[in-house]
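Undergrad: The primary structure of each chain is shown beneath.
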Amino acid sequence: MDMYEEYKLRLRNLLQEMEVSSEKDGMATLDAFVKDYEEGLYNQIGRLTRQLHDSLNTFKDDEKIFSLTKEDIPSAKERLKYVVDVTEQATQKVLGIIENSIPLSLEISEGASGLHNRWTKLSGAAGSPEIASSTKTFLAGVGENASILHGHLTEILMAQEFQDITGQIIKKVIDLVQDVEDNLVRLIKLTGHVNTPREKDKENIKASGPCVPEIDDQAVYTSGQDDVDQLLASLGF
Amino acid sequence: MKILVVDDFSTMRRIIKNLLRDLGFNNTSEADDGATALPILQNGNFDFLITDWNMPGMQGIDLLKAVRSDAKLEKLPVLMVTAESKRDQIVEAAQAGVNGYIVKPFTAVTLKEKIEKVFERIDAE
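Each protein sequence line maps, in turn, to chains A and B.
For the first sequence, position 123 (counting from the first letter as 1) is numbered 123 according to this note's numbering, and the numbering increases by one without interruption.
Take any residue in the second sequence, note its place counting from 1, add 1000, and you have its number in this note's numbering.
Worth flagging that the hints you see were computed from the coordinates, not collected in a lab.
Keep in mind it's a predicted model, so treat the numbers as computed, not measured.
Among these hints, one or two may not hold up.
[What the hints assert, rightly or not] Cross-link-like lysine to any residue pairs, in silico, SDA-like; alpha carbons within 20 Å at most:
#  : chain 1 : residue 1 : chain 2 : residue 2
1  : B       : Lys1112   : A       : Ala159
2  : B       : Lys1002   : B       : Gly1057
3  : A       : Lys172    : A       : Lys24
4  : B       : Lys1065   : B       : Ile1040
5  : A       : Lys24     : A       : Ile45
6  : B       : Lys1086   : A       : Pro74
7  : A       : Lys81     : A       : Asp175
8  : A       : Lys172    : B       : Asp1032
9  : B       : Lys1065   : A       : Ile165
10 : B       : Lys1117   : A       : Leu232
11 : A       : Lys171    : B       : Asn1027
12 : B       : Lys1086   : A       : Lys93
13 : B       : Lys1002   : B       : Val1118
14 : B       : Lys1075   : B       : Thr1107
15 : A       : Lys172    : B       : Lys1017
16 : B       : Lys1017   : A       : Ile165
17 : B       : Lys1112   : A       : Ile148
18 : A       : Lys171    : B       : Ser1010
19 : A       : Lys93     : B       : Lys1117
20 : B       : Lys1017   : A       : Glu155
21 : B       : Lys1112   : A       : Asp227
22 : A       : Lys81     : A       : Gly209
23 : B       : Lys1117   : A       : Leu153
24 : B       : Lys1112   : B       : Ile1040
25 : B       : Lys1117   : A       : Gly209
26 : B       : Lys1017   : A       : Asp226
27 : B       : Lys1117   : A       : Asp175
28 : B       : Lys1072   : B       : Lys1112
[Stated by the list, open to error] Label pairs and their calculated CB-CB ranges:
#  : chain 1 : residue 1 : chain 2 : residue 2 : range
29 : A       : Gly96     : B       : Val1091   : 33 to 43 Å
30 : A       : Leu235    : B       : Lys1112   : 36 to 46 Å
31 : B       : Lys1112   : A       : Val177    : 17 to 27 Å
32 : B       : Val1109   : A       : Leu235    : 31 to 41 Å
33 : B       : Glu1074   : A       : Leu52     : 56 to 66 Å
34 : B       : Gly1024   : A       : Ala233    : 42 to 52 Å
35 : B       : Arg1068   : A       : Gln44     : 15 to 25 Å
36 : A       : Thr135    : B       : Val1091   : 30 to 40 Å
Positions of the beta carbon are idealized from the N, C-alpha and C atoms, including for glycine.
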């Protein structure tokens, strides 16, 4: 029988006893029960305290936890920071190439349409109408393709936005890992381990960063630009 | 038109600057948080401010509030382009006097539309 069932049974008996006995006797039985109950509680607290004490002692001697704060967590932070750095470098490189390519696509587009116009004026006057018309067709195609190319470059440009979003999310995780490290170090110090934790400048960020789908509460967040527009409209925008 | 783009990620500043150039706005400057942006705004006759929210140092929302409480800058149109998408935050930005709000990720078309809308509203006033 577990403790709860035992208490239930005893209380039921107690109640029956109190119904038939005098107030004084009833109170005495009740007192005895409460005393019993409290003793059980104190015993449990005592046992828990002993367990905690033992755990802390094991913790103190556990080199693995010590090395966790000394090496593993700082290394995890470095790795995450590295991801941010590497994706940023890659993104900057792509942006550089796009910035160099957009003027080229504009130049091709303008050049083609200029020549197209000149061939149009020449048509009829020129001796070779066949080559004139195929050059014109080609130039029109080049101009069109250059515009499409420009559009694609803009799309690639926009796609680099991921670096801002993923970077912010990773930085948030780095902060979290930092907190875990700080707390572990505090616990280790509490259990008597000699350790010199590194100082951390805590920044107070009110902003919460990008919403991570399937993790963050969707009700708190807007679901995209349309949702934002709707909310703003309801505010008189 | 002179535009200041404020974001702590240089990637995003570069993207926005390129999009603005495509839209015909060539006169852009950059700052990486509110604290560096504010003196630039105060000394520079800017016509438009595009700012992120979440930045180390001074956040975008505080920059917006600082702009609105500065006699010289109070009328400056401010567009927020940010990953902050909580309803409370958008309401706070609106109450602080933002002129437009774009959530990341966004598109070139969205940026164009929102900028046009900001100036339509200002012209109508």
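Undergrad: Falls inside 31 to 41 Å, the C-beta gap from valine 1109 of chain B to leucine 235 of chain A?
TA: Violated - the Cβ-Cβ distance for valine 1109 of chain B and leucine 235 of chain A, about 23 Å, lies outside 31 to 41 Å.
Undergrad: Given the hinted pair lysine 1117 of chain B and glycine 209 of chain A, is their Cα-Cα distance within 20 Å?
TA: violated (26 Å)
Undergrad: For the pair supplied as a hint, lysine 1072 of chain B and lysine 1112 of chain B, is the alpha-carbon distance within the 20 Å limit?
TA: violated (27 Å)
Undergrad: Verify the proposed pairing of lysine 1117 of chain B with leucine 153 of chain A, using a straight-line Cα cut of 20 Å.
TA: Outside the cut-off at roughly 25 Å; violated.
Undergrad: CA of lysine 1002 of chain B to CA of valine 1118 of chain B, is that 20 Å or under?
TA: holds (15 Å)
Undergrad: Is lysine 1065 of chain B within 20 Å of isoleucine 165 of chain A, Cα to Cα?
TA: Measuring from Cα to Cα gives roughly 25 Å; hence the hint is violated.
Undergrad: Is the hinted range of 33 to 43 Å satisfied by the C-beta distance from glycine 96 of chain A to valine 1091 of chain B?
TA: holds (39 Å)
Undergrad: Just to be careful, I want the Cα atoms of lysine 1086 of chain B and lysine 93 of chain A compared with a cutoff of 20 Å; is the pair within it?
TA: Violated: lysine 1086 of chain B and lysine 93 of chain A sit about 32 Å apart, past 20 Å.
Undergrad: Would the hint linking lysine 1112 of chain B and alanine 159 of chain A be met if the CA-CA limit is 20 Å?
TA: holds (17 Å)
Undergrad: Okay, glutamate 1074 of chain B versus leucine 52 of chain A on CB: inside 56 to 66 Å?
TA: holds (59 Å)
Undergrad: Check the hint pairing lysine 172 of chain A with lysine 24 of chain A against an upper bound of 20 Å on the C-alpha distance.
TA: Cα-Cα ~65 Å, so violated.
Undergrad: Would you check the hint for lysine 1017 of chain B and aspartate 226 of chain A, treating anything up to 20 Å between C-alpha atoms as holding?
TA: Violated, because 24 Å separates the two Cα atoms, which is more than 20 Å.
The structure fails to meet hints 2, 3, 5, 6, 9, 11, 12, 14, 15, 19, 23, 24, 25, 26, 27, 28, 30, 31, 32, 34, 35 and 36 from the earlier list, while all remaining hints are met.
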